[in-house]
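Participant: Here is what each chain is made of, one letter per residue.
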Amino acid sequence: MTSAYAAVLFALALFAVPARAGERPAAIAAARAPTPVPDELLVRFKAEATAGPAGVAQRLGDRLQRALGARYAVVKLDAGKPLADALAAYRAMPEVEAVQPNYRYRFLAVPNDPLYPQLWALNNDGQPVEGGTPAAAIPGSDLDMERAWNEITDCTSVIVAVLDSGVNYLHQDLAGNLWDGTAAGFPLHGYDFLDDDNDPMPADAFGHGTHVAATIGAVGNNGLGVAGVCWRARIMALRIGDRRGATTARIVQAMQFAIEHGARIVNLSLGGSEHDPAFEAEVERARRLGVLVVTAAGNEGADNDDGASPFFPCDFPQDNVVCTAALDQSYNRASFSNFGAVSVDVGAPGTNILSAWPGRVRADDLRGWVRTGGWTEAVCNFNLGRLPALVNPASWCATPPGAYAADANDVAYKAFDLAGVRHARASFFRFLATEPDVDFLGYALSPAGGDPFAAGSVIALHSGSAGTRPIEESIDLDGCFTSSCTFGFRLQSNATVADRGVAIVGFRIDTVEPNANAYAVLQGTSMAAPHVAGVAALVWAYNPRYTYADVRAALIEGGEPVAALAGTTASGRAVNAFGALQYIAPPAGVAAVVR
Amino acid sequence: MIRHARTGSAFAAEATIRFCRGAALAGLCAGLWALAACGSGEAGTAERPAAEPTQIRYVEVSWDPNRESGVNRAGGGYRVYHGTTPGFSLGGARFVDVPYAGGETTPTRALLALAPGTHYIKVVAYSALNPAGSAPSAEVAITVPAAPEVFVRVQHD
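Order-wise, the sequence lines are chains A and B. Just so we're aligned, residue 1 is where the first sequence starts under our numbering, counting upward by one. Just so we're aligned, residue 1 is where the second sequence starts under our numbering, counting upward by one.
Simulated from the structure, these hints should not be mistaken for laboratory data. Glycine is no exception: its CB is placed at the ideal position from the N, C-alpha and C atoms. A couple of the hints might just be wrong.
Partial pick of chain A residues on the chain B-facing surface, computed with a CB cut under 10 Å [unchecked claim]:
#1 T35
#2 N543
#3 R545
#4 Y546
#5 D550
#6 E557
#7 L581
#8 Q582
#9 P586
#10 A592
With the hints as extra help, turn the sequences into a complete structure.
Facilitator: Structure representation (C-alpha cells):
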C-alpha cells in the first residue's frame, strides 16, 4: 500500500463475541427513572384513619385532588413546596400508611418493523439475534433509541453520505430514505466512483454499504424489516469500492462530491494503516466546511495510538473525525475492535448487527450438482472443520490424496433461479493443483440452462497450483438473470502428468434485487460507525443551528460512561441517542457589568 | 403622600429603583432589558438582597445564545447563578431564571441586584428535556463598588 494510491480495506470483521456478565451502571438506571410530577403525591391512608384524606391534606396546607379507590388519593401540594419535604411530612402523619411521588411515564416510540425486536443496538432487552453469534447480553446496553424517538425520528434535514460499496436504493427498507439528487443530475441517489457512472448500486452484490446505510436510515415504522436510527433520512449513496476495498482517489472524489452536494455527515466504515496525505487533506477540507466525518476504529483488536499500528482516518487529528470502537451486547469492547485512548473517541454497538442486504443469498451446499467424470460430492477436513465440497478426483480428501484422471473432460454444473435480479455474483473458494498450462479448471455460465460448457460461454480458466492455499473467487453472473441460469466447473487434462486436482468449498450466489427484502447479520467497527452517524444526524436535525463541533460534543458529552471504554477511548463513553439529545453546551461568552 | 426626588444625577436610576421593589421593579427591568424575568431569588422565589437596600447595585449579565433548540423554546431557558466565593457550588446558590418567552431565541441578558463586593457568576442553560441543565459556563467575577451617597429630597405634601 502506498500513500499515493492506498488500497483501503473495508473494515469488516467476523469474530466471536466474548460473553461476560455484568450490571447496568446505577447512573443509567437513574436516568431511566420516570419523572415525578413536581407538585403531586400519591398517598395511601390507613384503613383505621380517623381523619379523612381531605382533612390530612388540609392540615399540611395542601388539598385533595381526587381519590383513587377507597384509600389512595392524589394530593395537590401547596405552591412551591419541595417534593422531598412533602414526602417526609406525609410519612410522619399517623393517618398515612404510604406515600410516593406521582410519576410521569412516557409512551415510548417503538416502530412496528417486524425485525426491530432483534436490533439490540437500538433497544437491548437481552434478546438473541437470529443468524448471529450467540452471546451474553445485558439489557439496557444500547443507544437508548426509544427515548430519543419520543423527541425526533426524522433526519431528512441532514444529508448523510455513505461512502462504501454502494447501496441498493431499491431495497424495501431504503427506498424513500435516499438523497434526491435529481435536480443536480443524480437521480439514482448518488454516484458510482468505481464504475464512474450515476448508478451507485453494488454491482458486485457486496452488501457492506447497504448494511451500513440501513443502520443509519432504514425506513422506520413501515411494517417492513428493520428500523434505522433515523426512521426518515436522506442518505447519499456513494460507491467508492467493492469487496476488495477502495482507493484514496475514489475516497477523495466521493468526499468532494458529498461536500459539494450538501452532505453534513460522511460515514466512512473503512480504514487503512498508511498515513495518507491526500485523504487527510480532504478530511481537513471537510472540517473547514463544517462536515462531520464518522469513521470506524478498525477490526484488528489493536491499539491505534501505538505508533507501530496506526489506523486512518481514525488517527487523523482533525476534530471533525469521530472514531468509533465496537461494543458487544454486554457493552464490553468487542474482541476485534481497535482502541485508542487518544484517537478513538467513542464506542457503539458493533456485534450481531442485523441490517439490510442487497438481495437474497443463495448459499449452496454443493449437493445436487450435475456431474460427469471424477467430480464427487465429498465432506473434507479443512482448518475450519469438516465442510461439504465438490472435488475432482474423488480421492482429493484422502491421505495421501489421489490424482485426477488423464484426458479428463469432467463437468459439474447446477441451475439457479436468478430471474428478476439486478446483479448477481457467485463466490467460492477453490483449491487447485494441475499440470501448469496444460490441465485447466474452467468456469462457464449459461442463461439457457443445461451444460454451460456446451450451451453457454466459458468465463475463466485456471491452471497450476497455489499449494494448500485456497483462492477466493468472485464471478460476475451478469447476463444470466433467468430462472434457469446454470453455472459450472470443468476439469480438462491431457495424457501427461496429473496432479491432486480441485476442490470447491463455500459456494454462494449474492444478488441485488429490486424491492429486496433481504437482511444479514454482520459485525465490525464498520457496523458501529453508522450507529454513530445516525445519532449524529438525529442530533443535527433536532438542533439545526448546531455546528459539527456541537454535534461532536453532544455525541461525546451526552454519551454513557462504559467501563470497557475507560482508558481505551478518549471519552470512555458509548454514544447514547437520548443523552445526545439532552446535551446542552455550557453557555459561552458570559460577561457582567455594573449598571 | 411622599414623593421621592433624585438629586444624585449620575446614579439616579439606582436611587429610583431601590424605591420601587416588587412589581414596579420587574416592570422597569422588563422595560429596560426586555427580560421576561429579572427578579432573582432562590429556587424561583423573589430575591431579597442581603445588603442594606441603599447599597444594592445592579449588574447586567449577558452571554451568547445557546444553539440547542430546546433552550430556545417553551420549557427552555437559562439560570444565572451568583455567589461570593470563587468556584461556588450551584447547589443552594442564588440564581435568576431567564425562561424562554417567545420568539426565535431565549433572552440572553439578566439583571442581578448585588451588594458591594466581589461576586462570581455562572450561567446554566436548560431545556424541557434536560431541566437540570448544562454544565455551568466559565465563571466570571465582578466587583460591585459601594454606591456613592445619594441625596434624596423628601417632599411632604
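Participant: Less than 10 Å between beta-carbons is the criterion; does A/N543 satisfy it with respect to chain B?
Facilitator: 5 Å, holds
Participant: Close enough to count: is the Cβ of A/T35 nearer than 10 Å to one in chain B?
Facilitator: 9 Å, holds
Participant: Can we keep the A/Q582 interface hint, with Cβ of chain B closer than 10 Å?
Facilitator: 4 Å, holds
Participant: Hey, does the A/L581 contact hint survive, CB to chain B under 10 Å?
Facilitator: 6 Å, holds
Participant: Are A/E557 and chain B close enough, Cβ to Cβ, to be under 10 Å, as the hint says?
Facilitator: At 8 Å from the nearest chain B Cβ, A/E557 passes the 10 Å test, so the hint holds.
Participant: Can you verify the interface hint for A/R545: is its Cβ closer than 10 Å to any Cβ in chain B?
Facilitator: 4 Å, holds
Participant: Does A/A592 meet its interface restraint, that is, does its C-beta lie within less than 10 Å of any C-beta in chain B?
Facilitator: At about 4 Å, which falls below the 10 Å cut-off, the nearest Cβ of chain B leaves the hint on A/A592 intact, so it holds.
Participant: Given A/D550 as an interface hint, is its Cβ closer than 10 Å to any Cβ of chain B?
Facilitator: Check passed: Cβ of A/D550 comes within 6 Å of chain B, closer than 10 Å.
Participant: A/Y546 was flagged as interface toward chain B. Is the shortest Cβ-Cβ separation under 10 Å?
Facilitator: At 5 Å from the nearest chain B Cβ, A/Y546 passes the 10 Å test, so the hint holds.
Participant: When the nearest CB of chain B is found for A/P586, is that gap smaller than 10 Å?
Facilitator: A/P586 check passes; min Cβ-Cβ to chain B is 4 Å, inside 10 Å.
Of the numbered hints listed earlier, not one is contradicted by the structure.
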